[in-house]
Structure formats: structure tokens, C-alpha cells
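Model the full assembly from the supplied sequences, consistent with the hints where possible.
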Amino acid sequence: MTTPDDRRYTDQHEWALVQAAEGAVTVVRVGITDHAQDALGDIVFVQLPEVGAEVAPGNPIGEVESTKSVSDVYSPVAGVVSAVNEALTDAPETVNSDPYGAGWLVEVQVTGEDGDPTAALLDAAAYQAVVQSS
Amino acid sequence: MLAVSPLTSPLHDRHVAAGAKFADFGGWSMPIEYAGGGVLAEHTAVREGVGLFDVSHLGTATVRGPGAADFVNSCLTNDLGKIGPGQAQYTLCCVPDGDPQAGGVVDDLIVYLHGPDDVLLVPNAANAAEVLARLSAEAPVGVTVTDRHTEVAVLALQGPRSAEVLAAVGLPGELTYMSFAETPGSGGDEVTVCRTGYTGEHGYELLVAAERAGTLWDALLAAGGPEQIRPCGLGARDTLRTEMGYPLHGHELSRDITPNQARSGWAVGWGKDAFWGREALVAEKAAGAPRQLWGLQAPGRGIPRPGMLVLGADGSRIGEVTSGTFSPTLRTGIALALLDRSAGVAEGTEVAVDVRGRPQAVVVRRPPFVESHTKDPVPPTPRKLDAGP
Chain A
0 MTTPDDRRYT DQHEWALVQA AEGAVTVVRV GITDHAQDAL GDIVFVQLPE
50 VGAEVAPGNP IGEVESTKSV SDVYSPVAGV VSAVNEALTD APETVNSDPY
100 GAGWLVEVQV TGEDGDPTAA LLDAAAYQAV VQSS
Chain B
0 MLAVSPLTSP LHDRHVAAGA KFADFGGWSM PIEYAGGGVL AEHTAVREGV
50 GLFDVSHLGT ATVRGPGAAD FVNSCLTNDL GKIGPGQAQY TLCCVPDGDP
100 QAGGVVDDLI VYLHGPDDVL LVPNAANAAE VLARLSAEAP VGVTVTDRHT
150 EVAVLALQGP RSAEVLAAVG LPGELTYMSF AETPGSGGDE VTVCRTGYTG
200 EHGYELLVAA ERAGTLWDAL LAAGGPEQIR PCGLGARDTL RTEMGYPLHG
250 HELSRDITPN QARSGWAVGW GKDAFWGREA LVAEKAAGAP RQLWGLQAPG
300 RGIPRPGMLV LGADGSRIGE VTSGTFSPTL RTGIALALLD RSAGVAEGTE
350 VAVDVRGRPQ AVVVRRPPFV ESHTKDPVPP TPRKLDAGP
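Chains A and B, in that order, give the protein sequences. For the record, in the first sequence the residue sitting at position 60 is 59 according to numbering that gives the first Met the number 0, with numbers rising by one throughout. For the record, in the second sequence the residue sitting at position 288 is 287 according to numbering that gives the first Met the number 0, with numbers rising by one throughout.
Possibly wrong hints are sitting among the right ones.
Stated by the list, open to error - Only part of the chain A face toward chain B is listed, based on derived beta-carbon distances under 7 Å: (1) G40; (2) D41; (3) F44; (4) L47; (5) E64; (6) S132.
Hints in this document: simulated from the structure, not taken from any laboratory. Built from N, CA and C at the ideal position, the CB exists for glycine as well.
Below, the structure is given as C-alpha cells:
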């Protein structure tokens, strides 16, 4: 199970990666971790929010459903959904095969003067510790 | 008291080595899927080629002694008089009359009829102990019920190529549906091969002594050919059986769900004088079961799951989902559900399932969802396993 150190994580098994930052606006891409996709098994449906939806930490932004079970996905940051990965509608298995790349779920546009909105999340080592203790 | 740890199959180490994920099935830790496979790939292997399951969590028990078969026939629902030695039968162990749950299902099981004095039972893991206790308590003098659960491993070889793989390891595959054969019992090699299964495909279940199970498992995988046969977990077994509409005890059958309700009346010998729960079941059949098992197909996203409510056109509750999963063959959600007779549904009726607060449209179906191949003729065995058409 891989945990790339170019991004941040939540203890709910989402990842957050800063895509672009310009002035007070930062775009954060969100997906689920390798550990999460492995635990879910074959993913068959992905339900994503509408572009423009307001999201906040702790609020579900979508669902990832496998042959075995369904899991809510929570936003790691507060902001507005600026893109969703439409390719997952026809190829949900991409979340299994490439969870950190082509299997991304949404992009959230965060507005604020506080710098990197993902800075307070878990780093790769801290997330690995969460996985190992679960 | 000793700590209760799950039982494991004699093949457990092989499953660990194959990167299996495990789940508890009736107190047994069994593979749910394998590394490099997964439910979808394992399901497809069985529908299109061949897959090998370890189902050693299933119980095994012998009932032996003068009149053993007659005794079993007086307890379990199906009519053993319809089959002869060398044949197996699906049957039910129901709650006896006099109990408030009379006619409810303690377990569903396969009976192997060896002869009038020798019967083998294959119950479900979680219910094996109760079935055996009930039979032991009623057994006439001279008839002995013996639990062989941990002594016998059960493998299921399933799929259109199963006969070919069986032949390649020298086991008999030329059997009619629900017939079985024992290989010569030399040196502990005895294997009981039965043309049966839980997938809807042509297939076999193999009973073998626990200490011989590993050798047989390895031989079957080798005979199937690398990249062609897959070890399959109980996750795929569940998607396969749900596509066929086969009941799973604890879901479509239980002490609270009778065979009439689950459409398992075909496994009841209505002409027999005696079996556990007979009076209750005859009365319910005459009156009409208050609810019945149907299939549901979900054309949209979101899969109906067990326990979700089924809603009629006016939004009122008409039943409950008992099993639900993704159908790898149809690429949609499918479910089995007990629906109130008073709702008056039929094949094609549109109803809804409350999927986490969202009513999702589903269509009532009469399973199977996918065509059954269990009774297909045994295909001719190619001389070479890798011979193309």
C-alpha cells in the first residue's frame, strides 16, 4: 500500500493535494487513499457532488460504492466544488487502479488568506500510523 | 473459559499466501477475495471459465444406522423417496410444529443419499450444530449422527470449464445434476464429487479429508492452467448466487421466513406424512403466504442492501431487501426482497428502495437474473487442456 508524501491525508482515508494557488484562491484535488480502495474492493459506482456545491470538513461530498459496501467521502477542506471527475461515471474502477492519479474525485476551490488549506491535515507518516493502528 | 477464536479451513495457509482477505462466516474465517482477483474478476472467471472455492466452513455430518434415510426423511422437508443412492438433494430443516416459529427455517442443506442406512448432510456453518443437535435428539436407537465438520474439507469447482479441469486431475465429471460419485478409497485418496453448486454454472462440489485438501486444491489450480483458473472467495460466491436468486440462510431463509415465503416450496415433500413444521407449512400454503420473495433490479446508481425498505407507488412500506449487491453480469444493482402479498406486485412492477434516505426506482423481477447453466450437458473433454476450438 502506497502513501505518496506529496499530499496530505485525513483519518477518514481521503487525500488532498494542492493543484494551484493564485492569490487568496487555492484549488485542492481530493480522492481516497490506496488503503481505502483496497479495503472497499471493486468499486462499481461513484456518486459526486455538483460543481458549485459548497463543502466543509465533516460533510459528505459523495459516495464510493463497491460490490461489498458503500462509503461516504468527506471533504478535507472548506470551499466550493470547482470540478468533478466525470470519467468515473463510466470507469469507476479507475479509483481502484489509480487512486492517487486518474482516480481523483473532486476539486475544491478554497478562498482564504491563511496559506495552504491542507497544512493542518495529516502528513504521509501520520496517515500511515492511522492505517497501522486501525 | 477459552477465548473464542474463529475456526480456519485446512487450506487457510494457502489463502494467506495467495493474499486473500478474510471475513467471518458462521464462526469460520474464510477468504472473501484474493489478491490479483477481486469480486468482479472472480465472478467473471466462474461465468466464463472456471473458478475454485474453498467452502470448508460448510458443515459435514453422517447419519448412519438401520433406517437412517427414513429417519432423516421424517425430519427434513424434501422427499428423499424421489432420489436413489448416489444422488443428492436440497432440503430444509424447519422449526417443528408446536413452536411459535413452526415452519420457519433452521437451515437449508444438501443431503447425500449413500443408501437406506447411510446419509451425509452438508449444512451451513452457523447452523450445523443446531441441525445436528435436533437430529441427534430425535434419532431412533441404532441411528447415529456424527459431526465431521473439521475432518472434511469442501471445495467447489464451478464454471463452464469445470468438467475439463476435473477430468484433468482424474476425477469423475460425467454426472447428471445432483448426482455424486466416490473415487476408489485407496490410501486416503477418497473424494466425493457431486454435480452441484451455488453459482448457476455447471459445477461440482468436492468432499475430501481435511489432510488431503491441500493436495487436491493445488492439483485443481495446476490443471486449470495459470492465468485461466482463479481461486474465488465468498464475495464472488455471493454475487453469483444473488444473480441466480438462490436463498442464503440468514437472509432469504430464517426462523422467521418460511419456505412458502421464500419460494422454496419446491424443496418440501408436500405428500409426505411427516416432517418438522409440516402442519404450519401446509396451513400457510393453503392460506397463501403473507409475503413472497422477489427480485429487484436497480437501473440507476446505488445498490439496494439488506435491511433497506421497499416502498410502493404511494411511498408506503411494502417489504424489505434481504440481499442486494452489484451484478457483475448485468452491471446494475440487483436485490432479493420479501414483499407483502397485499402489495400485488408482479414481474415488471416499478417500486422503490429507500437507499439511505433517497427513494431509488427499481423494477420487480422473477429471478434468476442471469440464465442458469446448472443442468447443461457435460461438455466433451478435450484431449489437451490448452487445445483451442
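Check each numbered hint against the structure and report the violated ones by number, ascending.
-> 4, 6
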